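Colleague: With the hints as your guide, set chain H onto chain A.
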Amino acid sequence: MKESEFIAILSHELGDTAGWEDIVRDYAAHFEDGRAEGRSEDEIAASLGSPASIAREFRASGRAAASGAEGSLCPDGTWGAEDRSRPENASSGTSGHESQSGRRKLAIGITAAILVVGTSLGIWAAAREAAARRATEEGIHVSLPGMEVHVGSEGVRTDLPGMKVRVGGSGGVSVSGPGDGYEALFGETRPTAPIDLEKESPLAGVSSLSVSAYVADLSVKRRPGSEKLSARLSGRVAEAYAKEVELGLERKGSELRIEMLSPTGFDLRGSTEKLSLELELPESFEAAVVLETVTGSIAFSGRAKAIEARSETGEVGISSSSAFPVKVRTSTGEIAVSGTTGGAELESETGDILFTPTRLAETRLRTSTGDIRAELAQGQSFSYRVSSSTGELDVRGERPKDHDSSLSGQTGSGGPSISAESETGDIVID
Amino acid sequence: MNTQFKKGVLELCVLALLSRRDYYGYELVGAVDSDLAIAEGSVYPLLKRLRDEGYVETYLEESSEGPPRKYYRITKSGRDWNESLLVEWRAFAAAVSRITEDKK
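Residue numbers (the working numbering), protein chains in the order written: chain A, 13 to 442; chain H, 2 to 105.
Looking at chain A on its own, in the form it has when it is part of the complex:
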């Protein structure tokens, strides 16, 4: 995993956890120090562990400390420390959902040579904070790695040559650097522009289809009476980036690849409103399908030869009646698979799994902390092996004796095997 992805997931998963800006900066600094030592971003990310579970640790300790918290605004004076209370309008005026997406509106073009990612994140976080505090104070002084920003009644000053900081009427702050390459926008509101891109592709000779929707919600459906695949990317993104978003369709031999692209790379996933990538496939088309998103959800209905779906934080829903193997993996997103008659391998770290096949074939279900529920056809007999360290187990009414943490056996005359594993979640097979 690259730093940008690690930071994006961490930031997304932290939500409004108190002090999230600080947390994000600590990890950005960690990456920077690691790179300075000659380690690769992948290596650093791997030894840090999963950003989703790190965020969980912060959320858990944040809750524990929440009652007596005097805010996480820096005894070290990072934000200039006269006022340690939480900014008054930091959470007012926006609903929980809005503030999730609103505050995560990070848009940074990374081409400016003067600032490394860690510092830009720092500025972003601090400038946001400054904007939020502006209304309640005469002026505020923000010290950041690499620059000083003063926001007062006379305007905004910064000591970094070439950098411009502007506070907008809505309390948003924009920071721009020398040349056109660098810009960061912060604050509660800022203009977005619509995206609506459509492409079509013939499918003759295509036997594998891979789709990467990045931050967009991905849906794949059947369209009767058509011979072509159609793809449509729509929604809204920050105005400055609207022109950069592309819908890529690339054919390599028998593989067709469809991608949401953002040439500046870092970081579109923070600057989008709801985006969706909708694919329609001809009724007759059958291929091996790989679907990927980072934060978007995945919904697939129809046929395939095999299907593999991966998302970090999005939910995955697959509904299909043909006999192909289904493989799904998420970190925090929930998984729901229904109607299948082929084998299934469904895995999530913290998400719940719901599995309702029409006919059972070899199946493996696994999650660390989520619950698992499998609803099988009534006449279906099967062999099973389920285990959960602390959760409850129930296979068609049978429960483990003597507090056992696992249960195995078969129903009726046996049949295809289903295994389900969770560490702390409950497991029900019915």
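Keep in mind the hints are simulated off the structure, nothing from the lab. Bear in mind that the values here come from a model prediction, so they are computed numbers and not experimental data. Misleading hints may appear alongside valid ones.
Unchecked claim - Taking beta-carbon pairs under 10 Å as the criterion, some of the chain H residues facing chain A (in silico):
1) Glu28
2) Glu41
3) Glu102
Unchecked claim - Take a look, some chain H residues computed to stay more than 10 Å from chain A by CB distance:
4) Val30
5) Asp34
6) Leu37
7) Ser78
8) Asn83
9) Glu84
10) Trp90
11) Arg91
12) Phe93
13) Thr101
Ideal Cβ positions, reconstructed from N, Cα and C, are used throughout, including at glycine.
Modeller: Chain H only, in chain A's frame:
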């Protein structure tokens, strides 16, 4: 070694390191990890909690290359807390070794 167990001793180790000198995040993670083999990412949540509880404080210091670094410094109450954790730990470790080494 068991993860939960490691997490318990992580706090002790971090405080012990900081009672000797100040560290910046990356450096502290490295110092802990080389001996404990923990998921490095969980040092920061711990540091935040220790700071929220007033056991450590932070300050920025210029570094020779790159932007200033955030250093962690143990506070007086952090030292006291470290002492009481150490007392507990020693008693615990002694009890465990009595049992595991089967010496009465």
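Colleague: Would you mind marking each hint as holding or not holding in the structure?
Modeller: Quick rundown of the hints versus the structure:
1. Glu28: With Cβ-Cβ at 8 Å, under 10 Å, it holds.
2. Glu41: Given a least distance of 5 Å, the restraint on H:Glu41 holds.
3. Glu102: violated (30 Å)
4. Val30: violated (7 Å)
5. Asp34: violated (7 Å)
6. Leu37: holds (12 Å)
7. Ser78: Nearest chain A Cβ is 13 Å from H:Ser78, so the label holds.
8. Asn83: holds (19 Å)
9. Glu84: holds (22 Å)
10. Trp90: holds (21 Å)
11. Arg91: holds (26 Å)
12. Phe93: It holds; H:Phe93 is separated from chain A by about 23 Å at its closest Cβ, greater than 10 Å.
13. Thr101: holds (24 Å)
Checked against the numbered hints listed earlier, the structure breaks hints 3, 4, 5; every other hint is satisfied.
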